[in-house]
Amino acid sequence: MERYDIAIIGTGPAGLEAAVTAVIRNKKIILLGPEDLSRKLARAHEIRNYLGFPAVSGEELAGAFRGHLDRMGIGITAERVSAVYAMGDYFALQAGEEMIEAATVILATGVVQGKPLPGEEEALGHGVSYCATCDASLVRGKTVAVVAYSAAEESEAAFLSEICPEVLYFPMYAGTPALPENVRIIPEKVTALERPDGKMLVKTEKMDYPVEAVFVLRDAVAPGQLVPGLETEGAHVRVNRRMESSLPGLFACGDITGTPYQYIKAAGEGNIAALSAVSYLDERKRSN
Amino acid sequence: MVRKIGEQEFLSEAKAADAAVVDFNATWCGPCRMLAPVVEAVSEEMKGQVSFYSVDVDECPELAAEYRVQSVPCLVMMKKGEFVSQSIGFKPQPAIASWVKSNL
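Going line by line, the protein sequences match chains A and B.
Residues in the first sequence are numbered consecutively from 0, following numbering that gives the first Met the number 0.
Residues in the second sequence are numbered consecutively from 0, following numbering that gives the first Met the number 0.
Bound-form chain A, shown alone (with noise of 0.2 Å):
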């Protein structure tokens, strides 16, 4: 399989950057993240600190930014990365079906907004799991319910369906889900979850429901769920001034290190960490 020297995780401002410098750096480097550019950067409304730009719309600011890529010749690759493993010399990165390995990780991939459930990280591994594809024979033939966070966990549930007499489903999203007729739909707020006596509650604001094991099914998931293994604070990613992160090769910038949640130290940091990781590479072929 092909080894990326660097795999970036995120095509905001920090991730761009990173990705243009490792590019300068003669690196081999895969970017990995939405091809819309950071649906959040075309949000804003107007950006006047981001040097050389003195009044700019996060569309234009976005749309320099595609223009600097292509100029540059980087592509990105729009796969949702939904695990990074250490494997010691490398990294595995699961996007999709795909597995991609690549010898350092800079991950950009901003802050996750939205905090665990309470009561969910207590019971992970004893009744709560993230991973229905992993656990489902785990649970055959018992009554089970999914948390689902976007219309795109609904195969899972339909997946689980097969298997479980009955499946709990409580959208946290709008719309009306697509699911198999052994599939309840509860569309009340999820506030809780509880394991009183070795089986699951979910708790809702109007009631409560017993279930054997809850799948909490998240969109975008927490940098230390993202990657196992890795010193986070908070919703944040513990880093140094060379943005290196508990885990030798991994680098993180961008919102995803911490406030402030500013453009231009995004970028900044991007160019910091895309640096770290050349000199880590370096580092690494000389002692080889």
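By construction, these hints were calculated from the structure, which means they are not laboratory data.
Predicted, not measured: the structure shown is a model, and the values here were computed from it.
Mixed in with the good hints there might be a few duds.
What the hints assert, rightly or not - In silico DSSO-like pairs for lysine-lysine, Cα to Cα no more than 30 Å straight-line:
id	chain 1	residue 1	chain 2	residue 2
1	A	Lys198	B	Lys78
2	A	Lys198	A	Lys264
3	B	Lys14	A	Lys198
4	A	Lys205	A	Lys188
5	A	Lys205	A	Lys114
6	A	Lys141	B	Lys46
Stated by the list, open to error - Now the stretches of chain A that chain B is said to cover, found in silico as 3 or more residues with beta-carbon under 8 Å:
id	segment
7	74-87
8	119-126
Claimed, not checked - Here are some chain A residues pointing at chain B (derived, C-beta under 7 Å):
id	residue
9	Ala91
10	Gln93
11	Cys133
12	Asp134
13	Ser136
14	Leu137
15	Pro227
16	Gly228
Note that beta-carbon positions come from the ideal geometry of N, C-alpha and C, so glycine has one too.
Given the coordinates of chain A, work out where chain B should sit on it, guided by the hints.
Using the frame of chain A, we list chain B on its own:
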């Protein structure tokens, strides 16, 4: 080395070992596949001190239920057949190694 075992060997070997780590996994689980080489590396690192085994939860559902494995991958550490500790999900090699050592 990590040895793949079934229910029989679990009872006769893993439960009899002074210290054993059992990797409960499933063939269709991505994180399990990624954890396998990590556990293999830790087993080399700790050769002679801890025995390492691998159990497919689809082949041994009763074992998985007995050890309350509700999410895979799940590592279970035992000493002379007694449950000591459990580690859930993928973790990098240093984290798995220190988990094993802290429970020795």
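Mind checking the alpha carbons of lysine 141 of chain A and lysine 46 of chain B for me, to see if they're no more than 30 Å apart?
At roughly 40 Å apart (the allowed maximum being 30 Å), lysine 46 of chain B and lysine 141 of chain A break the hint.
Report holds or violated for the interface hint on serine 136 of chain A, using the least CB-CB distance to chain B and a cut-off of 7 Å.
5 Å, holds
Hint status (Cβ of cysteine 133 of chain A to nearest Cβ of chain B, threshold 7 Å):
4 Å, holds
For the pair we were handed, lysine 14 of chain B and lysine 198 of chain A, check the Cα-Cα distance against 30 Å.
28 Å, holds
Verdict on chain B covering the segment 74-87 of chain A, criterion of 3 CB contacts below 8 Å:
Holds, because 5 residues of the segment 74-87 of chain A bring their Cβ atoms closer than 8 Å to Cβ atoms of chain B.
Take the shortest C-beta to C-beta distance between leucine 137 of chain A and chain B; is it under 7 Å?
Holds, because the Cβ-Cβ distance from leucine 137 of chain A to chain B comes to roughly 6 Å (cut-off 7 Å).
Holds or violated: proline 227 of chain A as interface residue toward chain B, Cβ cutoff 7 Å?
OK, holds: proline 227 of chain A within 7 Å of chain B, min 4 Å.
Would the stated hint for alanine 91 of chain A survive a check requiring a Cβ distance to chain B of less than 7 Å?
Where the cut-off is 7 Å and the nearest Cβ of chain B is about 6 Å from alanine 91 of chain A, the hint holds.
Given the hinted pair lysine 205 of chain A and lysine 114 of chain A, is their Cα-Cα distance within 30 Å?
Answer holds: lysine 205 of chain A to lysine 114 of chain A is near 21 Å, not above 30 Å.
When you check the alpha-carbon spacing of lysine 198 of chain A and lysine 78 of chain B, does it fall within 30 Å?
OK: lysine 198 of chain A and lysine 78 of chain B at ~28 Å, within 30 Å.
Supplied contact hint for glutamine 93 of chain A, tested at 7 Å Cβ to chain B:
6 Å, holds
Take a quick look at whether lysine 205 of chain A and lysine 188 of chain A sit within 30 Å of each other, Cα to Cα.
8 Å, holds
Hint check: violations occur at hints 2, 6; the rest are consistent with the structure.
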